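Visitor: Listed below, chain by chain, are the residues.
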Amino acid sequence: MSPADTLRFASRAALGYPLRSALMVLAMSIGVAAVVMLTALGDGARRYVVEEFSALGANLLIVLPGRTETGGVNPGSFVSSTPRDLTNDDAAALQRLALVQRVAPLTVGNSEISVSGRLREVLVVGTSADYLDIRGFKVASGQFLPREDFGRASAVAVIGETIRAELFGSQNAIGRMIRLGDRRLRVIGIMGPAGRGLGMNSDELVLVPVATAQAMFNTNALFRIMVETRGREALAPAQRQVEALLQARREGEFDFTVITQDAVLGTFDRILGALTLGVAGIAAISLAVAGILVMNVMLVAVTQRTGEIGLLKALGASARAIRLGFLTEAGLLSLAGAAAGFVLGHAGAWAIRLAFPALPAWPPDWAVAAAVGTALVTGLLFGVMPARRAAALDPVQALMKH
Amino acid sequence: MAQIELDAINRLFQLGDSQVHALRDVSLRIEAGEYVAVMGPSGSGKSTLLNLLGLLDRPNAGHYRLEGRDVTTLSADEQAAVRSARIGFVFQSFHLVPRLTAAENVALPLMLAGIPPHERTQRVTAALKDFGLEPRAHHRPEELSGGQRQRVAIARATIMRPAMLLADEPTGNLDRATGQDVTALLEALNAAGMTLIVVTHDPTMGERARRRVLMEDGAIREDLRRAPEPA
Chain W
784 MSPADTLRFA SRAALGYPLR SALMVLAMSI GVAAVVMLTA LGDGARRYVV EEFSALGANL
844 LIVLPGRTET GGVNPGSFVS STPRDLTNDD AAALQRLALV QRVAPLTVGN SEISVSGRLR
904 EVLVVGTSAD YLDIRGFKVA SGQFLPREDF GRASAVAVIG ETIRAELFGS QNAIGRMIRL
964 GDRRLRVIGI MGPAGRGLGM NSDELVLVPV ATAQAMFNTN ALFRIMVETR GREALAPAQR
1024 QVEALLQARR EGEFDFTVIT QDAVLGTFDR ILGALTLGVA GIAAISLAVA GILVMNVMLV
1084 AVTQRTGEIG LLKALGASAR AIRLGFLTEA GLLSLAGAAA GFVLGHAGAW AIRLAFPALP
1144 AWPPDWAVAA AVGTALVTGL LFGVMPARRA AALDPVQALM KH
Chain U
2 MAQIELDAIN RLFQLGDSQV HALRDVSLRI EAGEYVAVMG PSGSGKSTLL NLLGLLDRPN
62 AGHYRLEGRD VTTLSADEQA AVRSARIGFV FQSFHLVPRL TAAENVALPL MLAGIPPHER
122 TQRVTAALKD FGLEPRAHHR PEELSGGQRQ RVAIARATIM RPAMLLADEP TGNLDRATGQ
182 DVTALLEALN AAGMTLIVVT HDPTMGERAR RRVLMEDGAI REDLRRAPEP A
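Those sequence lines, one after another, are chains W and U.
At position 99 of the first sequence (counting the first as 1) the number is 882 in this note's numbering, and the numbers step up by one without a gap.
At position 95 of the second sequence (counting the first as 1) the number is 96 in this note's numbering, and the numbers step up by one without a gap.
Hints listed in this document are in silico derivations from the structure and should not be mistaken for laboratory results.
Small disclaimer: the values here were computed from a predicted structure and weren't measured.
Heads up, some of the hints might be wrong.
Chain U residues, not near chain W, derived (Cβ > 12 Å throughout) [stated by the list, open to error]:
1. Glu6
2. Gly17
3. Leu29
4. Ala127
5. Glu144
Below, a sample of chain U positions facing chain W; criterion: calculated Cβ distance under 8 Å [stated by the list, open to error]:
6. Gly55
7. Ala81
8. Ser85
9. Phe90
10. Val98
11. Arg100
12. Leu101
13. Leu109
14. Met112
15. Ala114
For glycine and all other residues, C-beta sits at the position ideal for the given N, C-alpha and C.
Throw the hints in and build the complete structure from the sequences for me.
Guide: Shown next, in the form of structure tokens:
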């Protein structure tokens, strides 16, 4: 029997029992669709987070005080335990590096803001003019913090949209005085509605010059220094320059950490990638169940068609031809199931994207390939036993069952 | 050398704890082109004999030589090849594949033998024409009458031009008139040189055969030959 004939015969056999074939294709397609959709969801979440981070600016270095080892506790952690603070002078020095484009020192603290009797708790961020561009924020009205020396404690503030609405309502806020902690500051700008940015919501922030914040919180230390490099290629050399400079500024002591955006991103990427993989694994269980169903359906088919198998044997079909016929049938049903599941899964992912436009729920190619591949392999694997049983039937006994 | 030579064939079936001797020491010679009716009561071993002749079953003892070749020792697939090329089967219940059309049913043996589609179509068309089934070629078995079904089955059995045709109660499911048509068809094939072995209950059909083998309790009781009809 030629392969083309085997294929034709098997497909006719599959079509000859439409309900049974349809149910099996449905079961298989649900398995494949589950893998495609769930991985789309997982990978969509991963991409969402990655995009959020990319919104922060791709060529960003973050300098933290202290030595943070990702490897846990090491002997060094016991030797020098009091790191030197990062200061405005450090930030200013970094700004002079050739590969550095922008620098924003960061001091963060909680304080109370009050305007004509209205009071609320706010997060105060002390920073500089470059922070706006580094974070990709927009100013809705007025202006951002003035470009000035990091040491200058101007009495100005830029407030978030929510703060403005709560404190000033419909009145004009620009030029008004606010009390922040024990200081009186003039509002010079309002932040635009929050763009996409992880962590702090710019709607509820009060931004002040870094020196102002330091005076308010009575400290010289910086929480972070954010450094934007000139282009993405400059990231690695800039990181080395930043490290060398800061090390030189603290007598060779390496008591700070420079992390890249990529490192943070990479970690999230790995965690969410593993999550997607795990979800795919769970969905794959339904494929195994579908495989067992293939076996069941094919066993029923062998029983149902015992007379036909006897006839084929009487007509001179070899055991191999019968085995191949049934295996081809199982393969075809799995293939149809995989194809239907592929379409169904993509439709589901499309529906998810429609319902949650922010989530780029596209199934990753590897998951689609793996789902379809697994469907075919399980279908064929579970088809082997019924096919062998068919081929081993005794022709006389088989012919009697009609 | 006869076409079919059976020597001391024994076939035993185990039914629960009792043994059934379906065939005892059956020896039989059938020449090419003979017309043999195998008759006898139910359980006399007729069908077992036919299954053995058709290589669907193996004897427990004895030898079966088909065209001079001992076929009892062949493997299952070798026997399948012999069935494909040399033996045609006609069954009481037709055994047509319900989802295939008449033409596709007739083409089955050709397909199994790996004959290319082009040649297949030609031979099937010719066969359907010979058997007067042309207008029914694309009908499924359920759309055919009993007589038509059996003619499709006979067309299928002979499409590979086998040396012998084994028919198990070919008229058993047909009314008298159609049964006679089918018998006439089988006899015409025999007249063209094909060995015809028919298992039947029907005495009138048995009467028509040139040779009658009467079986009882798994043994051949009588082997009657009718003298050739005067020309």
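Visitor: Identify every previously stated hint that the structure contradicts and give their numbers, smallest first.
Guide: none
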